[in-house]
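With chain A's structure known, arrange chain B on it following the hints.
There are 2 protein chains.
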Amino acid sequence: MKKEIGPATVVHPHPVFVVGSFNKEKKPNMMAVSWGGICCSEPPCVAVSLREATQSYHNIIHSKAFTVNIPSTEYVREVDYVGIASGAETDKFRDTGLTPVESELVHAPLVEEFPYALECKLLETVEIGLHTQFIGEILGVIAEEKILGDHGKPDIEKVKPLIYGSFGNRGYYGIGVRLGDAFSIGKEYITE
Amino acid sequence: MKKEIGPATVVHPHPVFVVGSFNKEKKPNMMAVSWGGICCSEPPCVAVSLREATQSYHNIIHSKAFTVNIPSTEYVREVDYVGIASGAETDKFRDTGLTPVESELVHAPLVEEFPYALECKLLETVEIGLHTQFIGEILGVIAEEKILGDHGKPDIEKVKPLIYGSFGNRGYYGIGVRLGDAFSIGKEYITE
Numbered sequence: 170m171k172k173e174i175g176p177a178t179v180v181h182p183h184p185v186f187v188v189g190s191f192n193k194e195k196k197p198n199m200m201a202v203s204w205g206g207i208c209c210s211e212p213p214c215v216a217v218s219l220r221e222a223t224q225s226y227h228n229i230i231h232s233k234a235f236t237v238n239i240p241s242t243e244y245v246r247e248v249d250y251v252g253i254a255s256g257a258e259t260d261k262f263r264d265t266g267l268t269p270v271e272s273e274l275v276h277a278p279l280v281e282e283f284p285y286a287l288e289c290k291l292l293e294t295v296e297i298g299l300h301t302q303f304i305g306e307i308l309g310v311i312a313e314e315k316i317l318g319d320h321g322k323p324d325i326e327k328v329k330p331l332i333y334g335s336f337g338n339r340g341y342y343g344i345g346v347r348l349g350d351a352f353s354i355g356k357e358y359i360t361e
Numbered sequence: 170m171k172k173e174i175g176p177a178t179v180v181h182p183h184p185v186f187v188v189g190s191f192n193k194e195k196k197p198n199m200m201a202v203s204w205g206g207i208c209c210s211e212p213p214c215v216a217v218s219l220r221e222a223t224q225s226y227h228n229i230i231h232s233k234a235f236t237v238n239i240p241s242t243e244y245v246r247e248v249d250y251v252g253i254a255s256g257a258e259t260d261k262f263r264d265t266g267l268t269p270v271e272s273e274l275v276h277a278p279l280v281e282e283f284p285y286a287l288e289c290k291l292l293e294t295v296e297i298g299l300h301t302q303f304i305g306e307i308l309g310v311i312a313e314e315k316i317l318g319d320h321g322k323p324d325i326e327k328v329k330p331l332i333y334g335s336f337g338n339r340g341y342y343g344i345g346v347r348l349g350d351a352f353s354i355g356k357e358y359i360t361e
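From first to last, the protein sequence lines stand for chains A and B. Here the first sequence is numbered in our numbering, starting from 170 and rising by one per residue. Here the second sequence is numbered in our numbering, starting from 170 and rising by one per residue.
Just chain A, same shape as in the assembly (with noise of 0.2 Å):
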């Protein structure tokens, strides 16, 4: 039985981001994210949603630049704080023990500790409401060497995201088992 239950701004999985930009002083920040993906190929681009609000929305508005940190499940807890703690307000790099690493493309820190990040050039800002949309030219991803997987690319069972569950049960979560070949497993539905 289905029923409307309104208009939440709900899907799953939502991914957790950190999000990582220099304030004017070059004060590093960061930021956890959970609205947010790529969003175009060519040329390559994600986006993240912030709040007018927020110290790293006033940090990517100067700089032009962000950087997308993907954590693996070991720093759920680091992760947690950087979602409860507001940058204007203090250090969260010195609070968690993380370490900030200036990225070489681009004029944001990278967090050293996690498994790749996504290195961006501020592209173009949709205002959309209540958050605004920044879409980030992907310049380079740099990850550690042993989370690689096919194609060079980060293998997603090495990197052991996160996942958040949203408003319907506020959990973090791991990958779990995996469930078949993409673009493979589905061909048996092929009719010609």
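Do not rely on the hints blindly, as some may be mistaken.
Because identical chains cannot be distinguished in the list, a pair is counted as satisfied if it fits within a single copy or across any two copies.
Cross-link-like lysine to aspartate or glutamate pairs, in silico, DMTMM-like; alpha carbons within 25 Å at most [stated by the list, open to error]:
id : residue 1 : residue 2
1  : 233       : 173
2  : 329       : 243
3  : 327       : 357
4  : 172       : 319
5  : 171       : 271
6  : 171       : 243
7  : 315       : 281
8  : 196       : 173
9  : 172       : 243
10 : 196       : 271
11 : 329       : 313
12 : 329       : 281
13 : 327       : 313
14 : 171       : 293
15 : 329       : 350
16 : 327       : 350
Just so you know, the hints here were simulated from the structure itself, not pulled from any lab data.
Just chain B, lined up with the frame of chain A:
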């Protein structure tokens, strides 16, 4: 040891959405999309990125509406087929046996078998490059009652969503173990 691997369009986790739309003759189509997500709280919005080469792109331009259906893992084969086949060449509902049901809120079909779906009115079209991002205002969410959790919203453990590995490992996954409560387990780092 970290290395630059170039501008890859990869994050983790990638979701697996099935976007529903009608063509001019009201033939229902569905498309697998892993590039998208919630992008604004007020108005409540979700974004999906599509190439102009797809049938769904033209359907959405014409009907100014779409649905974002969240499949559960039990439909991984059907969903994979939806990602392989073209709606211009075949009827993916007929081929898979999935059932199209017209949304009562927008001019777009829902996938009856999936646990919930977002019903969206096209709000904005962002031409980024090879992909166009459709930002849809979420007018409603229709959900199976049995998958609802806290606050009457879909619970990730009951939904059992699909996760896509992307380039480094083109597998489908389910969710794994619960690691802790968001906005809670990171409190140990609060210093005041």
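Hint check results:
In this assembly of identical chains, residue 233 and residue 173 lie within 25 Å of each other by CA distance solely across copies; the values are 21 Å between and 40 Å within a copy. Proximity of residue 329 to residue 243 under the C-alpha cut-off of 25 Å is found in both arrangements, the shortest distances being 8 Å within a copy and 22 Å between copies. With identical chains, the CA atoms of residue 327 and residue 357 are never at most 25 Å apart, being 30 Å at best within one copy and 27 Å at best between copies. For the identical chains of this complex, residue 172 and residue 319 are inter-copy neighbours only, at 16 Å across copies versus 42 Å inside a copy, given an alpha-carbon limit of 25 Å.
In this assembly of identical chains, the alpha carbons of residue 171 and residue 271 lie at most 25 Å apart only when taken from different copies (13 Å versus 49 Å within one copy). Taking the shortest alpha-carbon separations for residue 171 and residue 243, only the inter-copy value of 18 Å comes in at or below 25 Å, while the best intra-copy value is 37 Å. In this assembly of identical chains, the alpha carbons of residue 315 and residue 281 lie at most 25 Å apart only when taken from the same copy (14 Å versus 42 Å across copies). Within a single copy, residue 196 and residue 173 get their C-alpha atoms only as close as 45 Å, which misses the 25 Å cut-off; across copies the closest is 24 Å, which meets it.
Taking the shortest Cα distances, residue 172 and residue 243 sit within 25 Å of each other only across copies (21 Å), while inside one copy they are farther apart (38 Å). Only within a single protomer do residue 196 and residue 271 lie at most 25 Å apart by alpha-carbon distance; the minimum there is 11 Å, versus 51 Å between protomers. Only within a single protomer do residue 329 and residue 313 lie at most 25 Å apart by alpha-carbon distance; the minimum there is 13 Å, versus 30 Å between protomers. For a Cα distance limit of 25 Å, the shortest separation of residue 329 from residue 281 inside one copy, 16 Å, qualifies, whereas the shortest one across copies, 32 Å, does not.
For a Cα distance limit of 25 Å, the shortest separation of residue 327 from residue 313 inside one copy, 10 Å, qualifies, whereas the shortest one across copies, 34 Å, does not. In this assembly of identical chains, the alpha carbons of residue 171 and residue 293 never lie at most 25 Å apart, being 38 Å within a copy and 29 Å across copies at closest. Taking the shortest Cα distances, residue 329 and residue 350 sit within 25 Å of each other both inside one copy (18 Å) and across copies (18 Å). In this assembly of identical chains, residue 327 and residue 350 lie within 25 Å of each other by CA distance both inside one copy and across copies; the values are 17 Å within and 23 Å between.
This entry does not satisfy hints 3 and 14, going by the numbered hints stated previously.
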